[in-house]
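Asks: Given next are the chains, with one letter for each unit.
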Amino acid sequence: MAPVATPFFFYLFAAIMLIGGIAVITRRNPVHSALALIVALLAQASLYLMLYAPFVAGVQIILYAGGIMVLFLFVIMLVSIERSMKERQFNSQWVMGIVAATALGGLFIAVYTKGKDIFPDRALPLSALEAPNTQSIATLLYGQYMFAFEIASLLLLVAIIGAVVMAKKRI
Amino acid sequence: MESMLHITTLHYLVLGAALFLLGVIGVLTRRNVVIVLMSIELILNAVNLNLVAFSHYWQGMPARLGGGATAVHGQVFAIFVITDAAAEAAVGLGILIAFFRNKETVNVDEINLLKW
Numbered sequence: 001m002a003p004v005a006t007p008f009f010f011y012l013f014a015a016i017m018l019i020g021g022i023a024v025i026t027r028r029n030p031v032h033s034a035l036a037l038i039v040a041l042l043a044q045a046s047l048y049l050m051l052y053a054p055f056v057a058g059v060q061i062i063l064y065a066g067g068i069m070v071l072f073l074f075v076i077m078l079v080s081i082e083r084s085m086k087e088r089q090f091n092s093q094w095v096m097g098i099v100a101a102t103a104l105g106g107l108f109i110a111v112y113t114k115g116k117d118i119f120p121d122r123a124l125p126l127s128a129l130e131a132p133n134t135q136s137i138a139t140l141l142y143g144q145y146m147f148a149f150e151i152a153s154l155l156l157l158v159a160i161i162g163a164v165v166m167a168k169k170r171i
Numbered sequence: 001m002e003s004m005l006h007i008t009t010l011h012y013l014v015l016g017a018a019l020f021l022l023g024v025i026g027v028l029t030r031r032n033v034v035i036v037l038m039s040i041e042l043i044l045n046a047v048n049l050n051l052v053a054f055s056h057y058w059q060g061m062p063a064r065l066g067g068g069a070t071a072v073h074g075q076v077f078a079i080f081v082i083t084d085a086a087a088e089a090a091v092g093l094g095i096l097i098a099f100f101r102n103k104e105t106v107n108v109d110e111i112n113l114l115k116w
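Protein sequences appear in the order of chains A and B.
Just so you know, the first sequence maps onto residues 1 to 171 in the numbering used here.
Just so you know, the second sequence maps onto residues 1 to 116 in the numbering used here.
No lab work stands behind these hints: they were computed from the structure.
You may find that some hints are simply not true.
[To be verified] To give an idea of the chain B side of the interface with chain A (calculated C-beta under 8 Å), a few residues:
(1) His56
(2) Ala69
(3) Val81
(4) Ala85
(5) Ala86
(6) Val91
(7) Asn102
[To be verified] The calculated label-pair distances, taken between Cβ atoms and stated as ranges, are:
(8) B:Asp84 with A:Arg28: 40 to 46 Å
(9) B:Glu110 with A:Leu18: 27 to 33 Å
(10) B:Met61 with A:Met85: 48 to 54 Å
Glycine included, every Cβ here is placed at the ideal spot set by N, Cα and C.
Chain B with its partners taken away, still in its complex shape (with noise of 0.2 Å):
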């Protein structure tokens, strides 16, 4: 119970675990392509959150090992996954409106162009 009551970075590293369990299993098991998208992002949500979490930890380090309240790399990665994630949804999204243009549907099971 006292460690229930005690927040710790690993209170947020499995926070972080679940986030990217539920955004794995609707990735993998979801029909809908946009569906399939959100999950991709929260998947990213979870990766973020890790970093922000092991950020603020290494915040606290000595700055002998490369600590300190300025070593703020956690976040400066976190802002590079978001910047990913918008060009990920970005490029997504075109290749769903293309593939809706040519196929009417948003179901991944007859996206089989390729497939032969």
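Isolated chain A (complex conformation) (with noise of 0.2 Å):
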């Protein structure tokens, strides 16, 4: 089945991203950047979906938007945030900031505009619907990745010990 609209949609949930970062990182209030956090990661599950990329997206949403995202909302609720929010919110050094980021945007502008033709240009190809998607990774995952699978789950093991140990009053 060939996609219906796809220009549409992809400016639509591209702004709908980018709307969301940007209130991510303009917000005084921790619990509304989480929010606005949540709302991008949904826009960008959705872009997953128009990449052909269901299982990626059904992990975006289940382990970003339900896991990670109720971990910041949880810290956000033990740690005050009033104090915070009365106080200005830029750090000290925000000038020199804005000036690595205007230059990394700089940087952007000219990768993207100079080397428009060394990126992949032409239309995205449909050949991805032919072969199941969760087949394909967990093939990829448990064959060729193994290795990095195991390691993947003994850093999950580190940061769980980590985790317990930062936040524990006392060991």
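Dock chain to chain to rebuild the complex, using the hints, since each chain is given by itself in its own frame.
Replies: Here you go:
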């Protein structure tokens, strides 16, 4: 089945994502930032669906919007935000930060305008529809990338222990 | 106008670059540690969008070059990046709670205990 109205939905979700991202870095209240980040993540999951990556889209919704953001909201609940909301919102080196970010943006613009022909600019192919997506990912994940998968599980174990050690009052 | 209406891999790459830039601005200028961590999540998501877009592009390559419909290497990498983001968020927020217990603040300007 060929997709319908792809440009419209691409620009819609891109706009939602960028507005959500701008809201994340401009809101004074961290709770509002977290909710805007959830909106941006859901829009990004929609873009994954448009790229024929339904498994990654599901992981994005369940793990990011459902798991990591709940963790963020819990921590916002634990630390008191009233005082920091009344203070100024930009750190002491924000001028240098803006300069560095502008330089990075100039680099991106230069790369994407000058190197447009190097980057693949033909239309996205539809061949991805042929294979079952989750099965392909599982075959790669438990075959070719088995070692990296085990390292990732070890990383999660280290992160669990680290988070408990950090957050505990007395070991 | 014709190139605007024809969604290619480059569109996704430019969107990813814009999101990355937003995340960088947030990390470099905001004062609240929680929002800095959320900006790092934005950066990781921009990378993920690039990875999935390239994965889709690669699926259209001929199979003799390693492409084909089942070559979803970029999506596997995106899953690894999401795992990494989960670990990073857990450890970062743990550090944040420990820091808040000691200094009663969430401002990055006051995180200077190791600075001489």
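Asks: Can we keep the B:Val81 interface hint, with Cβ of chain A closer than 8 Å?
Replies: B:Val81 check fails; min Cβ-Cβ to chain A is 10 Å, beyond 8 Å.
Asks: Under 8 Å is the threshold here; is the Cβ of B:Asn102 close enough to any Cβ of chain A for the hint to stand?
Replies: 11 Å, violated
Asks: With a cut-off of 8 Å on the beta carbons, see whether B:His56 makes it to chain A.
Replies: Since chain A brings a Cβ to about 4 Å from B:His56, closer than 8 Å, the hint holds.
Asks: Note whether the CB distance of B:Met61 and A:Met85 lies within 48 to 54 Å or breaks it.
Replies: 50 Å, holds
Asks: With a cut-off of 8 Å on the beta carbons, see whether B:Val91 makes it to chain A.
Replies: With Cβ-Cβ at 5 Å, under 8 Å, it holds.
Asks: Lying within 27 to 33 Å: is that true of the beta-carbon distance B:Glu110 to A:Leu18?
Replies: The hinted range 27 to 33 Å holds for B:Glu110 and A:Leu18, with Cβ atoms some 31 Å apart.
Asks: Once the shortest beta carbon distance from B:Ala69 to chain A is found, is it less than 8 Å?
Replies: 4 Å, holds
Asks: Tell me if the beta carbons of B:Asp84 and A:Arg28 are separated by a distance inside 40 to 46 Å.
Replies: Because 29 Å falls outside the window, the suggested range is violated.
Asks: Against chain A, with CB atoms and a cut of 8 Å, does the hint on B:Ala86 hold up?
Replies: At 6 Å from the nearest chain A Cβ, B:Ala86 passes the 8 Å test, so the hint holds.
Asks: Does B:Ala85 pass the interface hint, meaning its C-beta sits closer than 8 Å to a C-beta of chain A?
Replies: 7 Å, holds
Checked against the numbered hints above, the structure breaks hints 3, 7 and 8 and satisfies the rest.
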